[in-house]
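As given, the protein sequences belong to chains A and X, one line each in that order.
Numbering-wise (the numbering used here), the first sequence opens with residue 1 and increments by one.
Numbering-wise (the numbering used here), the second sequence opens with residue 1 and increments by one.
Calculated directly from the structure, the hints in this document are not laboratory data.
Quick caveat: nothing in here was measured; it's all calculated off a predicted structure.
Worth double-checking, as some hints may not be accurate.
The list that follows gives simulated cross-link-like pairs (lysine-lysine, DSS-like), each with its CA atoms no further than 30 Å apart [unchecked claim]:
#: 1; chain 1: X; residue 1: 4; chain 2: A; residue 2: 21
#: 2; chain 1: X; residue 1: 41; chain 2: A; residue 2: 21
#: 3; chain 1: X; residue 1: 176; chain 2: X; residue 2: 210
#: 4; chain 1: X; residue 1: 41; chain 2: X; residue 2: 4
#: 5; chain 1: X; residue 1: 112; chain 2: X; residue 2: 4
#: 6; chain 1: X; residue 1: 112; chain 2: X; residue 2: 210
Interface residues of chain X toward chain A, partial, derived using beta-carbon atoms under 10 Å [what the hints assert, rightly or not]:
#: 7; residue: 15
#: 8; residue: 19
#: 9; residue: 58
#: 10; residue: 78
#: 11; residue: 81
#: 12; residue: 84
#: 13; residue: 93
#: 14; residue: 98
#: 15; residue: 229
Ranges between beta-carbon positions, derived for each pair [to be verified]:
#: 16; chain 1: A; residue 1: 93; chain 2: X; residue 2: 70; range: 32 to 42 Å
#: 17; chain 1: X; residue 1: 221; chain 2: A; residue 2: 25; range: 33 to 43 Å
#: 18; chain 1: X; residue 1: 105; chain 2: A; residue 2: 130; range: 44 to 54 Å
Every residue, glycine too, gets a C-beta built ideally from N, C-alpha and C.
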Amino acid sequence: MPAALDQLIDALRVLPGVGPKSAQRIAYHLLQRDRNGAGRLARALDTALAQIRHCSRCNTFTEAEICERCMSASRDPQQLCVVEMPADLAMLEQTHAYRGMYYVLMGRVSPLDGIGPRELKLDRLLARATDGTVQEVILATNFTNEGEATAHYVGEMLRARGLKVSRIARGLPVGGELEHTDIGTIAQALYERRAL
Amino acid sequence: MSGKRVEQQPGFVLHAYPWRETSFVVDVLSRNHGRVPLIAKGARRPRSAMRGLLLAFQPLELSWSGTGELKTLVSVDWSGGLPLLSGSALMCGYYANELLVRLLPREDPHPKLFDAYAALLQALAHGRPQDLALRLFELALVRELGYAPTFDIDADGEPVSPECDYIFIIEQGPVKLQDGQSGEQALSGQTLLDLANADLSASESLTQAKNLMRRLIHHLIGGTLESRRIFMELQEL
Ligand SMILES: [Zn+2]
Numbered sequence: 001m002p003a004a005l006d007q008l009i010d011a012l013r014v015l016p017g018v019g020p021k022s023a024q025r026i027a028y029h030l031l032q033r034d035r036n037g038a039g040r041l042a043r044a045l046d047t048a049l050a051q052i053r054h055c056s057r058c059n060t061f062t063e064a065e066i067c068e069r070c071m072s073a074s075r076d077p078q079q080l081c082v083v084e085m086p087a088d089l090a091m092l093e094q095t096h097a098y099r100g101m102y103y104v105l106m107g108r109v110s111p112l113d114g115i116g117p118r119e120l121k122l123d124r125l126l127a128r129a130t131d132g133t134v135q136e137v138i139l140a141t142n143f144t145n146e147g148e149a150t151a152h153y154v155g156e157m158l159r160a161r162g163l164k165v166s167r168i169a170r171g172l173p174v175g176g177e178l179e180h181t182d183i184g185t186i187a188q189a190l191y192e193r194r195a196l
Numbered sequence: 001m002s003g004k005r006v007e008q009q010p011g012f013v014l015h016a017y018p019w020r021e022t023s024f025v026v027d028v029l030s031r032n033h034g035r036v037p038l039i040a041k042g043a044r045r046p047r048s049a050m051r052g053l054l055l056a057f058q059p060l061e062l063s064w065s066g067t068g069e070l071k072t073l074v075s076v077d078w079s080g081g082l083p084l085l086s087g088s089a090l091m092c093g094y095y096a097n098e099l100l101v102r103l104l105p106r107e108d109p110h111p112k113l114f115d116a117y118a119a120l121l122q123a124l125a126h127g128r129p130q131d132l133a134l135r136l137f138e139l140a141l142v143r144e145l146g147y148a149p150t151f152d153i154d155a156d157g158e159p160v161s162p163e164c165d166y167i168f169i170i171e172q173g174p175v176k177l178q179d180g181q182s183g184e185q186a187l188s189g190q191t192l193l194d195l196a197n198a199d200l201s202a203s204e205s206l207t208q209a210k211n212l213m214r215r216l217i218h219h220l221i222g223g224t225l226e227s228r229r230i231f232m233e234l235q236e237l
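All chains should be built: construct the whole structure from the sequences, respecting the hints.
Below is the structure:
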């Protein structure tokens, strides 16, 4: 096999969920059936690598030093919402229920995967949240064990610095009926029931 | 994917990691089949019914099939009864899971260890003292894996006396200290007898057991535990 083909197959294996067989299939497809597409992919990767970086304020992907959202004058700079991934931020934005700032962790605490405060660079979040302007931090990490661990320790860290800290609530889906809700959600909704 | 089918086994998810495009491999601790890696096909799809159930630290009932090293998860049922862990209790849970993942060979059933793990999670979920719960789990672990020598017989073959002090030498057992000898690692005979009886209600026994278990586990793991490192780093935030 030509060395360049070998290298391509090997390089494709960086993609999540792509093993040696799929890598070979993708390589043949690109070279045989879609050389234009392959060219576009190569250029897009090159451009993205050169131009995309992390916003120095919210840590999400951006082309500028500071992203547009962080520069916006119409958002409340006293509120900071912490999410795991950019996709979570996008969902929260769709709610139109929040007008504050964000911080994107790009991951979550996951001890069995060796991901802790150092790997997540939590010192950067600490610096962001203690800039003197932020008053309240809203923890919107996932309701998985890893998301809970992240929320707990980030919350403790920020509360100790005098910030107001809250966690998004969990429970039954809006418009949801008990009969059609998964058992784990109902169980936790019972454990976390609130007084009326 | 024919082959042996195993039905409705009590178990816990220890760890899950992504597999191919839409699946997980879940490392499961089951009561009757030990630690088994199961492929949860399609569990990473957004509307997967399995996805919300495959949570660590929750009692589950699992069925799987297959004969290879990786079996296929067929169904998961929620047994429930435990609130989700949080805070330091959650970190203790991760520590226990890392010990099991790193020390327990696959498909080597240890029902007593499973019960000790379930008891640990009960204690953690209900806010009972974490130290005691962890020590009892560690003790069950080293015993069940055959690493713990008898705590009540010393290295010379003599019964351990509650009146004497000992040092514990790994792979030999308790060695009696002569009068006037002492050492950082010294343990009272009473602690050793309490370990033999799995009763750590006395506070001195609990403290000394902590040191001994840490040494034994360090020896078994042969390195550092990620969950411990991360726990320490989190506490320093
Ligand atoms: Zn930004």
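Status of the hints after comparison with the structure:
1. Taken as a hint, the residue 4 (chain X) and residue 21 (chain A) pair is honoured in the structure, with Cα atoms around 28 Å apart against an allowance of 30 Å.
2. At most 30 Å may separate the alpha-carbon atoms for a hinted pair to count; residue 41 (chain X) and residue 21 (chain A) meet this at roughly 19 Å.
3. In summary, the hint linking residue 176 (chain X) to residue 210 (chain X) is supported, as the alpha carbons are separated by about 20 Å, within the 30 Å threshold.
4. Annotation: proposed proximity of residue 41 (chain X) to residue 4 (chain X) holds, straight-line Cα distance about 18 Å (limit 30 Å).
5. Between residue 112 (chain X) and residue 4 (chain X) the CA atoms are separated by roughly 25 Å; this keeps the pair inside 30 Å, and the hint holds.
6. A C-alpha spacing of about 21 Å is found between residue 112 (chain X) and residue 210 (chain X), which places the hinted pair at or below 30 Å, so the restraint holds.
7. Interface restraint check for residue 15 (chain X): the shortest CB-CB distance to chain A comes to about 5 Å, inside 10 Å, so the restraint holds.
8. The closest approach between the C-beta of residue 19 (chain X) and any C-beta of chain A is roughly 8 Å, which is under the 10 Å cut-off, so the hint is satisfied.
9. A least Cβ separation of about 7 Å between residue 58 (chain X) and chain A falls short of the 10 Å threshold, and the interface hint therefore holds.
10. Interface restraint check: residue 78 (chain X) against chain A, minimum CB-CB distance 4 Å, threshold 10 Å, status holds.
11. Interface hint status for residue 81 (chain X): upheld, as the beta-carbon distance to the closest one in chain A is roughly 8 Å, under 10 Å.
12. A distance limit of 10 Å between C-beta atoms decides the matter here; for residue 84 (chain X) the minimum to chain A is near 6 Å, and the interface restraint holds.
13. Among the interface hints, the one on residue 93 (chain X) holds; its C-beta lies about 8 Å from the nearest C-beta in chain A, closer than the 10 Å criterion.
14. The interface hint given for residue 98 (chain X) holds, since its Cβ lies 6 Å from the closest Cβ of chain A, which is under the 10 Å cut-off.
15. Annotation: residue 229 (chain X) was flagged as interfacial toward chain A, and the flag holds, the nearest CB pair being 7 Å apart, inside 10 Å.
16. Separated by about 39 Å at the C-beta atoms, residue 93 (chain A) and residue 70 (chain X) satisfy the suggested range of 32 to 42 Å.
17. Range check, residue 221 (chain X) to residue 25 (chain A): Cβ separation about 40 Å, and the 33 to 43 Å hint holds.
18. Remark: the range hint 44 to 54 Å for residue 105 (chain X) to residue 130 (chain A) is upheld by a beta-carbon distance near 47 Å.
Of the hints listed earlier, there is not a single one the structure fails to meet.
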